[in-house]
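Let chain A serve as the given structure and place chain B on it in line with the hints.
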Amino acid sequence: MFPRLVNLFQLVVALAALATVVLLFTVSPSVAGSGSPDVVEGTELFQSSCSGCHGAGGEGGVGPALAGGLARFGSMGEVVRFVSTGVPGRMPGFETRLGPDEINAVVRFVWTDLAGR
Amino acid sequence: MAVAAGVYGSVHDPAGQQTISLFFSNTLSFKAWTTTLILLLASFQLYSALRMWGKVRFPRVMPGWFGDLHRLSGTLAFALSLPVAFHCLWALGFEPDFGELRRFAHSLLGCLFYGAFAAKATLVRFHDAPSWGLPVVGGVVFTTLVAIWLTTSLWFFTTVGFPAV
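Line by line, the protein sequences give chains A and B. What the first sequence shows, in this note's numbering, is residues -1 to 115, in sequence order. What the second sequence shows, in this note's numbering, is residues 1410 to 1574, in sequence order.
It should be emphasised that the hints constitute simulated quantities derived from the structure, not laboratory data. Where a beta carbon is used, it is the ideal one built from N, C-alpha and C, also for glycine.
Just so you have them, the derived chain A footprint on chain B, three or more residues with Cβ under 8 angstroms: (1) 1426 to 1438; (2) 1482 to 1494; (3) 1559 to 1571.
If you want a taste of the chain B side facing chain A, the calculated C-beta under 8 angstroms gives, among others: (4) 1417; (5) 1422; (6) 1423; (7) 1474; (8) 1477; (9) 1498; (10) 1499; (11) 1500; (12) 1501; (13) 1504; (14) 1505; (15) 1506.
The shape of chain A in the complex, shown without the other chains (with noise of 0.2 angstroms):
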């Protein structure tokens, strides 16, 4: 019996394999917000493209912190621009996923509310 489960146990592991691999192919990043004015919240937006690097809270990740941080950047216009165009190798351009409503929307709530511009 205990055979027979670990074998079927396999069998859906597998298939799970096989969809993981589906989905790298054909799940499109969540364009959170477009279209929609009541959701183009900073908030929304920061968890939706931006905490899965840098954390939920800003805290922090793989991505640099957010939160009291921002140093480098002498204005909001500079962290646009940075997250319009992201970097090579390091961190994705923006400006072909989200409009500039939602990425001034994005920036302003890291700005005032994480980093505390």
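Relative to chain A, chain B alone:
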């Protein structure tokens, strides 16, 4: 398998988004703890393999289901690695910059892990394979996993916080 993972991670435009987090506060915490659990399962894999090959003597009498438990733990470890690898490949991608040594090493190790795992899963079905093949490949899988844990989970716990759930 290793090359395919590396190529995908290099050419895919990283999404930079969170994916699964289950009951953790974010995906990175989920990944750090899941990788830790995978390492524990892999440690049991190593121990049970040593017992089956007669290199350790505990338990003195090996239960009939011991081999199946070995398979179950390995399969479970692989299953748990899938959402972790998905986020690594889909959201973060392959780090090509040698200057980012930790991320560069982790990218290489992640690819190597799946290559070695595929080799082990294949080799285990070939009963006429050389006797040293399975221990060597299994050792590579375990060693790679330890290095992966050191470059991610340990880094996460010491840099971001602990337990950081």
